[in-house]
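Student: Sequence order for the protein chains is X and A.
If you want the working numbering, it's the position in the first sequence, counting the first as 1, plus 601.
If you want the working numbering, it's the position in the second sequence, counting the first as 1, plus 8.
Since the hints were derived computationally from the structure, they do not count as laboratory data.
From a predicted model like this one, the values you see are computed outputs, not experimental measurements.
Each hint should be verified, as a subset may be incorrect.
Claimed, not checked - Calculated pairs, SDA-like style, for lysine to any residue (alpha carbon to alpha carbon, straight line, at most 25 Å):
1. X:K886 / A:Y111
2. A:K200 / A:V250
3. A:K151 / X:Y862
Unchecked claim - Per the computed footprint, the stretches of chain X lying under chain A, defined by three or more beta-carbons under 8 Å from a beta-carbon of chain A, are:
4. 864-872
5. 875-889
Just so it is clear, CB atoms sit at the ideal spot from N, CA and C, and this is done for glycine as well.
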Amino acid sequence: MNESTNQTVSHSIDDCRNLDWYIDKFIQVFVFIGGISAIVFIIGIFFFITNEGIGFLFKSGFQLTPHAVSLLEEAKIPDDTLAALDELAGENFETATELEAALEDVLMPEELSQFQALIVKSAVYEPFSISEFFTSYRWKPTSEWNPTYGILALIAGTASVTGFAMLIAIPFSLGAAIYIGEFATGRQREVLKVLVELLAAVPSVVWGFIGLSIMNPLIIRLFNVPIGLNVLNAGLILGLMAAPIMTTIAEDALKAVPDRYREAAEAMGATRWQLVFKVVLPASKNGLVAAVLLGVGRGFGETMAVLMATGHTINLPTSVFDSVRALTATIAAELGETAVGSDHYQALFTLGILLFLVTFLINLTADLVVRGIRKG
Amino acid sequence: MVAAKKLEVSNLSIDYGGKTAISGVSLTVREHEIFSIIGPANSGKTSFLKAINRMDLFTSSMRVGGDIAFNGKNIRQWRNIYALRQSIGVVFPLPIGLPLSIYDNVAFAPRLAGIKRASELDEIVERSLKRAALWDEVKDRLKSLGSLLSGGQQQRLTIARALSQNPQMLMLDEFSIAVDPVTTMRIEEMLKELKKEITIILVTNLVQQARRLADHTAFFLTGQCIEVGETDAMFTGEVKDVRTSEYIQGRFG
Numbered sequence: 602m603n604e605s606t607n608q609t610v611s612h613s614i615d616d617c618r619n620l621d622w623y624i625d626k627f628i629q630v631f632v633f634i635g636g637i638s639a640i641v642f643i644i645g646i647f648f649f650i651t652n653e654g655i656g657f658l659f660k661s662g663f664q665l666t667p668h669a670v671s672l673l674e675e676a677k678i679p680d681d682t683l684a685a686l687d688e689l690a691g692e693n694f695e696t697a698t699e700l701e702a703a704l705e706d707v708l709m710p711e712e713l714s715q716f717q718a719l720i721v722k723s724a725v726y727e728p729f730s731i732s733e734f735f736t737s738y739r740w741k742p743t744s745e746w747n748p749t750y751g752i753l754a755l756i757a758g759t760a761s762v763t764g765f766a767m768l769i770a771i772p773f774s775l776g777a778a779i780y781i782g783e784f785a786t787g788r789q790r791e792v793l794k795v796l797v798e799l800l801a802a803v804p805s806v807v808w809g810f811i812g813l814s815i816m817n818p819l820i821i822r823l824f825n826v827p828i829g830l831n832v833l834n835a836g837l838i839l840g841l842m843a844a845p846i847m848t849t850i851a852e853d854a855l856k857a858v859p860d861r862y863r864e865a866a867e868a869m870g871a872t873r874w875q876l877v878f879k880v881v882l883p884a885s886k887n888g889l890v891a892a893v894l895l896g897v898g899r900g901f902g903e904t905m906a907v908l909m910a911t912g913h914t915i916n917l918p919t920s921v922f923d924s925v926r927a928l929t930a931t932i933a934a935e936l937g938e939t940a941v942g943s944d945h946y947q948a949l950f951t952l953g954i955l956l957f958l959v960t961f962l963i964n965l966t967a968d969l970v971v972r973g974i975r976k977g
Numbered sequence: 009m010v011a012a013k014k015l016e017v018s019n020l021s022i023d024y025g026g027k028t029a030i031s032g033v034s035l036t037v038r039e040h041e042i043f044s045i046i047g048p049a050n051s052g053k054t055s056f057l058k059a060i061n062r063m064d065l066f067t068s069s070m071r072v073g074g075d076i077a078f079n080g081k082n083i084r085q086w087r088n089i090y091a092l093r094q095s096i097g098v099v100f101p102l103p104i105g106l107p108l109s110i111y112d113n114v115a116f117a118p119r120l121a122g123i124k125r126a127s128e129l130d131e132i133v134e135r136s137l138k139r140a141a142l143w144d145e146v147k148d149r150l151k152s153l154g155s156l157l158s159g160g161q162q163q164r165l166t167i168a169r170a171l172s173q174n175p176q177m178l179m180l181d182e183f184s185i186a187v188d189p190v191t192t193m194r195i196e197e198m199l200k201e202l203k204k205e206i207t208i209i210l211v212t213n214l215v216q217q218a219r220r221l222a223d224h225t226a227f228f229l230t231g232q233c234i235e236v237g238e239t240d241a242m243f244t245g246e247v248k249d250v251r252t253s254e255y256i257q258g259r260f261g
């Protein structure tokens, strides 16, 4: 009897959802939301950018330019024709002949002849074709007569700046990582690591400011060129920006090489440099590649410093002293001034898709390469 | 016959940031002998080897006092420490295969020494692997990763690697820890052969291994060299210190 009472009591204590249970449940849900939100955000951002930009990619055919409509409206046209014309202005036609046929339906013959005169001034235009988007270097979205959306110059700008930045950042960061990881000892090593991490935390607008106010006059004076905001300037700034992060990741990769490899090689009489070159670098190859790729991704996506230091001029660069314009900087500078849903607005979002895809691919590759380390 | 002195250690002391690992050790290793060092854990055996190979430079807190003369020359006066390390091979307790192929592991040191001709490297690799009793097992897969070998094979690979640069002296640090008994016996046979060509220092915690192989044996205890003597004499009871005989008989350690 006594025993059974005991059991009931202990049972009721055990099976009670107490505070600990609720706290645990709450924390679990909270942590789950935190974890899952990353995925939700990525998918959300992807859908948002794609939704805004994809229409532009698949748009094709011909339509009346706003300019042509406004010219026609200035001519004396009856109100009902005007309404029909407004309707027509929003429509898309696959060929120019179809557009003309539609115009013939709406307009009187004399008005049509006015329109014919307008054709000479490119009243109809081809709003978009994918090949033009990627092969034309004319980025003139705000042109009243004939806006064009060619991103070749922007790609060339971003690629040249990033490429130049990597030329600087790769040797610097790998050198720094090897020095910190393999040669520096004790306090010097700790101080260096802290300083490199501090350097990585410098805001990009500060780097842009340095490019604008220090590098710019310096380049003008040193190389005797008319403008110092160019590929050289932005590349240097971007290289210095990316180097600390690359150094940190590369140093981690070197640290992942077990010390016993080093001792074994040194015990055989390898010099420090032989040890680094023949054992440590081959063993940490994947991590180093990942570091470089992340640096490239950083350079590709960087906006503010690039906006300030490139000169922001549409140009296919032929030398490092040419000013260029980057993809990211274009979006940052122009998006605020476009009408939502306009061609220009959509074109900027298409640039966003492109950036998103490239950085995604670079990061994915880096991630796969790092995974390669763990397997091997 | 009195063999030449290969290594002379006098009044050696080692400490790690104030913590003493070895103090007042003096002993002599003669040419073409196997000299074994026995003693329980933490008695300073590994630190002793590290000092000889100047591996103290790897550990910033390690301080070495006293004198070590290799071939009659104080090792601190060697201007090229890499050359010193090349003439003293080391085998660590756990096999450390570099992340390279079997061939490249063995050819590593000769390549560092500047040997580039493939035929010469092939010859060195084959000879070293044969000396380490590994050749027959790996001759068909020299290009595969060294880390894919079994533990015992890897240990013999590190021995082959240590032999690849023709050292004058080979130091083995408890090589049999990661090796099965059969392989241990094979390596022991090989060491007896090797003795004809080079000097061997064998650190071991297997007392019987020292008895089987060594010409002279030193007994280390808590950083001090309690006793050095001829192995046979030591194992037949001719000891000066009672702790030595107690350790040999397995009363502690």
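Student: Please go over all the hints and tell whether each is borne out by the structure.
Tutor: Status of each hint after checking the structure:
As the CA atoms of K886 of chain X and Y111 of chain A are separated by approximately 20 Å, the hinted pair is consistent with the 25 Å bound. For the proposed pair K200 of chain A and V250 of chain A, the alpha carbon gap of about 30 Å is over 25 Å, so the pair is violated. Note on K151 of chain A and Y862 of chain X: the hinted pairing holds, with a Cα-Cα distance of about 19 Å set against a maximum of 25 Å. Against chain A, the region 864-872 of chain X contributes 9 residues with a C-beta closer than 8 Å to a partner C-beta. That satisfies the three-residue criterion, and the hint holds.
Note: the region 875-889 of chain X has 5 residues with beta-carbon separation from chain A under 8 Å; the three-residue rule is met and the coverage holds.
Comparing the model with each numbered hint stated earlier shows that hint 2 is the single one that does not hold.
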